[in-house]
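Chain W is fixed; fit chain B onto it per the hints.
If you want the building blocks of each chain, they are given just below.
Protein chains: 2
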Amino acid sequence: MVETEESIEIAFSEKRVKYFFNHPLSALHQLTDPLNTVVITDDNLVSLHPELRNHQLIVIPAGEQHKQQVTVDDIISQLINFEATRQTWVVGVGGGVVTDIAGYAASVYMRGLRYGFVPTTVLAQVDAAIGGKNGIDAGLYKNIIGVIRQPEFILFDHELLQTLPDEQWINGFAEIIKHAAIADAEMFEMLEAHTLQDYRTNPALLAELIQRNALLKSDFVQRDEFEKGDRKKLNFGHTLGHAVENLYSLPHGFAVSIGMVAAASLSMRRTGFPQSDYDRLIAVLKGYGLPVDLEADGTEVMKLLKMDKKRVSDQISVILLNRIGESVIQPIPVTELEAFCTETFNS
Amino acid sequence: MVETEESIEIAFSEKRVKYFFNHPLSALHQLTDPLNTVVITDDNLVSLHPELRNHQLIVIPAGEQHKQQVTVDDIISQLINFEATRQTWVVGVGGGVVTDIAGYAASVYMRGLRYGFVPTTVLAQVDAAIGGKNGIDAGLYKNIIGVIRQPEFILFDHELLQTLPDEQWINGFAEIIKHAAIADAEMFEMLEAHTLQDYRTNPALLAELIQRNALLKSDFVQRDEFEKGDRKKLNFGHTLGHAVENLYSLPHGFAVSIGMVAAASLSMRRTGFPQSDYDRLIAVLKGYGLPVDLEADGTEVMKLLKMDKKRVSDQISVILLNRIGESVIQPIPVTELEAFCTETFNS
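So the sequence lines, in the order shown, correspond to chains W and B.
Numbering of the first sequence is given in our numbering, commencing with residue -14 and proceeding in unit increments.
Numbering of the second sequence is given in our numbering, commencing with residue -14 and proceeding in unit increments.
FYI, nobody ran anything at the bench for these hints, they're computed from the structure.
One thing to keep in mind: the hints can contain errors.
Treat identical chains as interchangeable: a pair holds within one or across any two.
What the hints assert, rightly or not - Okay, derived cross-link-like pairs now, DSSO-like style, lysine-lysine, Cα gap no bigger than 30 Å in a straight line:
1. Lys213 <-> Lys3
2. Lys288 <-> Lys213
3. Lys295 <-> Lys213
4. Lys0 <-> Lys217
5. Lys213 <-> Lys291
For clarity, every value in this text was computed on a predicted model and none was experimentally measured.
Only chain W is shown next, with the shape it has when bound in the complex:
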């Protein structure tokens, strides 16, 4: 990889990852030798950025429903066709689905190739592409297959976000609001003071927000790369969120928003999370266009919840809020969650 002065290096347990903020996608060819790089992207992105065809290219179908082993199988056979070796770079260009799959395929092909990411959505830039967790779903079970292994670099091209549809912007802000709620009260106030439109139309404001979130998440990961403790807090809203996401084909951020509301509601009972902070959270979620309730089948939701990776025998670690900007991990009996689910989802 070419050295440059313009990157920020983040040290994880086994490697230093270079973050290139405010770099255009076109700078990719300076980071890895194009002759020795296979780009993995999805069919939507190829239409938007036909210049990707200048790379050795693996195109996967867009959409969470394709985040399954069959897609990885296809990538592996294409890597073999490209005669990819351990010297080959894999670069995932896309949203969270693409980066999750590309990182996973690169981690298991020949027991691991070097790889980098160009996240192309708000959600991927502030969350999904960061931290080395990669993997796929198995049927409805979210991210139940994967490994933790860091990329060599992440290139952040804020320009790429301009072509995103509304839903993708809203989707990404769910994770931004999550970061603010669990660990950054000041950012929460910034979000209250601005609107989605402000960020969409002010590149400097957006760039600052994305960098702040990318570094906030990186900080959690650095302190606890293999998720023994603090990193779990990033799962705020995700326990219930993951359960409803695939079940009702919701965009990830929408599902997380619903999950955050549920977790905040549980927090009021269990941690003394104030009603006023709960109201602020609801207001910000709504303000950024996110849903705050859902009609769901409580029994189906519980079936998926029980497979949560954070379950230990009959308890699931749930992330709760003490107040806006401060979170806590509490093991909650599955039976209590069951009762809560029945109460929350009344269909």
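Chain B alone, transformed into the frame defined by chain W:
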């Protein structure tokens, strides 16, 4: 895992692995809580050891041809059916195919469960179960998918070997002879002084041989877990061996034997490996029932060789011998290997 005085601990980069030498399979229930353990084995072993049915059990079809993603997919869905969580133990009971697949499934399910092995073949006890390399084939490409991640324990039950057919004994001795050839001239002399029948009928002699090999391999892995250098020497005979193994459906050890002969022959040209040592190697391989030549299609072999994980652009790292007990890694141009293949395989 229950602590015991009777294990030998081997420290790898991220964990200490416990080796239980001379422990019966029945001791397994003392190592992990049976209620919280899923055993993965194959259909042959379940017939031989019906007591395995006392465990939560995943049975895969026996044979290298099943070391493919479809088998992993099946294991994952059965782990989900067992409601396996990160607290669940996976124990692979079987030969190298079972331990490779079980270790891989355990490493990617929920981004990694704790797992242990009970290797049931000579080959698995002296080689395959040791070192944390796991994975599967993709079509004919051997071990092209996988990760490196160590088990928590390995239980060596020498009794299990007594039921093995002749071919399986011969198969395992290929790796033993390999260890001797690359790094242990004294063991090579022991092998010359004994016969396969000696080891099959003398449990103490066999136990000593297996422990010596397990520790020899572990030593290589400890010094170079992620195969940047010295660990590659364990691939002696495997570069060509892997290429012919799946192509001609050879037992692994038989393919490695043919690969060792080829590598020894190359060594005579490139390192001054003496003809007398070459003759000793051939004699030992033959003496232990292993094949030393093969009619093969040189073009097909080269096609697979080019996908060797040790290829760097147009060179492949090949392990050569300086003399019996001393090996060296040399990058050899693909073109030279091509010529050598054509010469060696004249069909």
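Hint check, failures only: Of the numbered hints, all hold.
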